[in-house]
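Visitor: Okay, here's what each chain looks like letter by letter:
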Amino acid sequence: MASNYKKRGVDYQHNSNMRTLPGHYYHSEAIYREELAKIFYKRWLLVCREEELPTPGDFQTVTIGDESIILVRDEGGDIHAHFNVCRHRGTRICMEESGQFENGIIQCPYHAWRYRLNGELRAAPLMTELEGFDKAAYPLHSAHVRSWGGFVFLNLAENPLPFEQELGPLLGKFSEWHLPELRIAHRLEYELACNWKLILQNYQECYHCPGVHPLLSKWTPFRNAVHDCMEGAVIGGYMEMTEKGGGMTMDGKAAAPPVCEVHGDNLQRVHYYSIFPNLLFSPHPDFVLYHRIRPLGVGKSKNDCFFLLHPDVINNDAHMARFQSAIEFWDATNLEDWQVCEQMQLGLKSRRFDRGHYSGQEDILFALDREVLKALGHEGDD
Amino acid sequence: MASNYKKRGVDYQHNSNMRTLPGHYYHSEAIYREELAKIFYKRWLLVCREEELPTPGDFQTVTIGDESIILVRDEGGDIHAHFNVCRHRGTRICMEESGQFENGIIQCPYHAWRYRLNGELRAAPLMTELEGFDKAAYPLHSAHVRSWGGFVFLNLAENPLPFEQELGPLLGKFSEWHLPELRIAHRLEYELACNWKLILQNYQECYHCPGVHPLLSKWTPFRNAVHDCMEGAVIGGYMEMTEKGGGMTMDGKAAAPPVCEVHGDNLQRVHYYSIFPNLLFSPHPDFVLYHRIRPLGVGKSKNDCFFLLHPDVINNDAHMARFQSAIEFWDATNLEDWQVCEQMQLGLKSRRFDRGHYSGQEDILFALDREVLKALGHEGDD
Amino acid sequence: MASNYKKRGVDYQHNSNMRTLPGHYYHSEAIYREELAKIFYKRWLLVCREEELPTPGDFQTVTIGDESIILVRDEGGDIHAHFNVCRHRGTRICMEESGQFENGIIQCPYHAWRYRLNGELRAAPLMTELEGFDKAAYPLHSAHVRSWGGFVFLNLAENPLPFEQELGPLLGKFSEWHLPELRIAHRLEYELACNWKLILQNYQECYHCPGVHPLLSKWTPFRNAVHDCMEGAVIGGYMEMTEKGGGMTMDGKAAAPPVCEVHGDNLQRVHYYSIFPNLLFSPHPDFVLYHRIRPLGVGKSKNDCFFLLHPDVINNDAHMARFQSAIEFWDATNLEDWQVCEQMQLGLKSRRFDRGHYSGQEDILFALDREVLKALGHEGDD
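In order, the protein sequence lines correspond to chains H, L and G.
Here my numbering is used: the first residue of the first sequence is 1, the next is one more, and so on.
Here my numbering is used: the first residue of the second sequence is 383, the next is one more, and so on.
Here my numbering is used: the first residue of the third sequence is 765, the next is one more, and so on.
In short, the hints are calculated from the structure, not lab data.
Be aware that a few hints might be false.
Said to hold, decoys possible - Facing chain H, from chain G, some residues (calculated, C-beta under 7 Å): (1) V1104; (2) Q1107; (3) L1110; (4) K1113.
Ideal Cβ positions, reconstructed from N, Cα and C, are used throughout, including at glycine.
Only chain H is shown next, with the shape it has when bound in the complex (with noise of 0.2 Å):
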């Protein structure tokens, strides 16, 4: 029971068999453990940009699941992931946000054993009385950290998936954006009462766009939606303006100059690519936009969006006055989707929902659920 239905630039077969989660994916407490031991706990996670650790002993602490990790740069420019957890007794060493750590020393405040900041213990108070204590074995516990265009990636496996493979499909598309010149601009912060995997669905597909955000259908018409990426931890595509010259904002007009060297189809459009699990990538032909996201429970998340400029027009303040319409813009149209996940959130909930068909608008959302139950295991079940 295929239907060939036409996409924009794509020859796609949808299957109306393509049916969605079942409602417990969204509200059961043991998916939700499961999903944090094989995904958050497994996988690559944005947790930062480079220029937020700009000098030696700069951190931030990250809190993923029951885990607090703290991102530290070394003497040497290396950004190292440590576990916020002494070697001692388990004690959670760092307490705030982000901060400088003094003198290169993790200091843990219960019995203060100190390490540097590469990991390693460096002094511990009374434990070398103890005979047999070596102290080279007992580093903080680290995780794998790598970068790319300026983001910083974390993986709290101890064997974890090639960094490349993951992104693949991303590596070298952007270049014309000179990612890791960019700079934080803005922060929108907002906690949703929904499971992560809305917010990743809401964002891929613009099926919702003519009933929930009338300003983006009338820059973006959803019928201009191509989807490039299919398959994977990277999936997504772009969204073409009406008009050459036009933006995401109030008037529908660029907020900012072209982003460095963006030229050509890419002044016309706006990518939105999801890195599974927790980043939504939307380089804009102006700016570009990123959500962070993190499960806080699994009916709880927090989402981060940034919106990343050069920093020529960050120090120019006309140009800033002019780019705020991009901010309400997206600030009206974030709230705009979450108010929709929290509600498909409490409908999910119903012992009558019995998976819903997704049209051949939603078809990479199919996508998106595969790859969530193959990270599970849960692929036989399906």
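Given the coordinates of chain H, work out where chains L and G should sit on it, guided by the hints.
Guide: Frame of chain H; chains L and G shown alone:
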């Protein structure tokens, strides 16, 4: 070990082995989930009065456990109950507690699927592009609705027990009150920190009245209680007032003229019936009082208490000024009851509680417990 | 792999395999339920001082896990502990934290069953109409109570371990303080976001003192710690002050004259004993400080900290003005401790925490852990 306990009007064989339910029936999350599944998702529940949906398109949403239900009056005047869940992907359609669906359309805010008031899918944008998509196969899931005496009852089961069978003993019993003609004159709302069953139990015995309700005991001494329905979904009886023309008010005089055709013995009786599991129904000579109970959790319940009067009384300012005395009386009496219900909830947590023995005044609670156990299929366990 | 760690006053064989408990002992809801059942419902618990129930009819209610207990002094001067649960249908009888039962009667507010202070059922309205109802068979369930040194201990087990056996090492040890004569001079209350065991552990080692307690470490350097009870329900020892006449105050001088007959070495010692599971007991030369600990959940605890003085000191304004310095010192010191306890609670959630190694300063914590494991019957698991 049975004793002949002489009840007013009824020779009743009270069995001294009539014991209460074990404490975990009031605290176990598992029992509560079972009660939702086997009682609240299966039995007839009071949801509102017909008058609360006066015109076509008027709706109320009702929450029962994890389910949200839309009650709506259609163009032909019929009331429908729809699961508040879009057939597309499960979004909760309607967030308001009450309102009007414009143009006879129930529209999901997410992808704009549109349903008729009777639940039929009218339009699903773009789905028609899918081969084999049959709109007729996607109406809103609906639930059974029945009216009696102006009360609207809902049943979430696919094949409910016959309504008449459940309400049998009440049908025709209160014709003197002209129930369908009555209107809501006042509403009191309460949230209680106790299991829903404790509210029903509290309602069904007046053994507690001398200590808990000094005023009520003065107008209707607890020895005046007569139980005439001792088995099944409807149980209860009445209490006789010490004087004709008396009323359940602060001064013990009637709160209003007798309702419609109430006469004879009924002028001196306050009736107390529970319609399992969520309606407490109290025709008085001068008004009708009822409680709608909803479980919010194993140890948390909502109780909405309504007063019904004939419109002629409601529209008479002098009558309504006097009627405040009934509202004041019942609000005070309710609060006296909730206090002891909440203390019982706390005490039932104790590991030392080993099931109490019902007094002769409380044997009707044993009947109530049997109805619970029967619904849960736990009869053999007792 | 053992090393001879030289402790002041004790030659102690420290084993470098002395490892901490696994992290789930501080986070698992199941372990917590087990601790309630096997520790808090079975062992001797400090509940109050005798002085808090000065006259017949005086009561306090105490919450232990799901149980509420009424402690009441009867007409003969004896203290009773009753489960706060009516024998009729399980209602919690008394909601106040403390007060006076009038006329020697404990009355349930629901159906007015009345009990004597010693727990006997005195009247159960109407139950006597029931054939075979024997009042003598329905006293309040009671628990065991014992007094020592003015402290009142409670045991909820039906057949408790002998009190003297549990407290063995303490009996007679502090006779110089004339404990029964002392009175509560002040009380500090804290709620902590950590498991109860972390409070006991924090109390039993001073390895953390240099980093956490600068002032305390000045008056009692951590190397001055001597542990003389290293096994069983009572463990602990003392710390020696750097100077005679010193005190645990803001300026390091005594807070009050020596208590009663305290003399000799005790003038320079601060004692720290934990009486498993909920009393931390610290005789100082100039006052007695104790902590009463109660678990409120697996990760939440209540700590009430009391200061005892002789009435002659309490009644002397000049003495009490000076004594504020001890209160100020201990309040600050307590807060320093709670901070690290709460950080340890957070860190112990990490999946990477793989049990720490105790230092030679912490071997007494290993003894404390053994007491927990023994009580839970988990010894073989270690």
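Visitor: All the hints need checking, so say for each whether the structure fits it.
Guide: Comparing the hints with the structure gives:
no.: 1; hint: V1104; verdict: holds, 4 Å
no.: 2; hint: Q1107; verdict: holds, 4 Å
no.: 3; hint: L1110; verdict: holds, 4 Å
no.: 4; hint: K1113; verdict: holds, 4 Å
Going down the numbered hints, you'll see the structure goes against none, and every one checks out.
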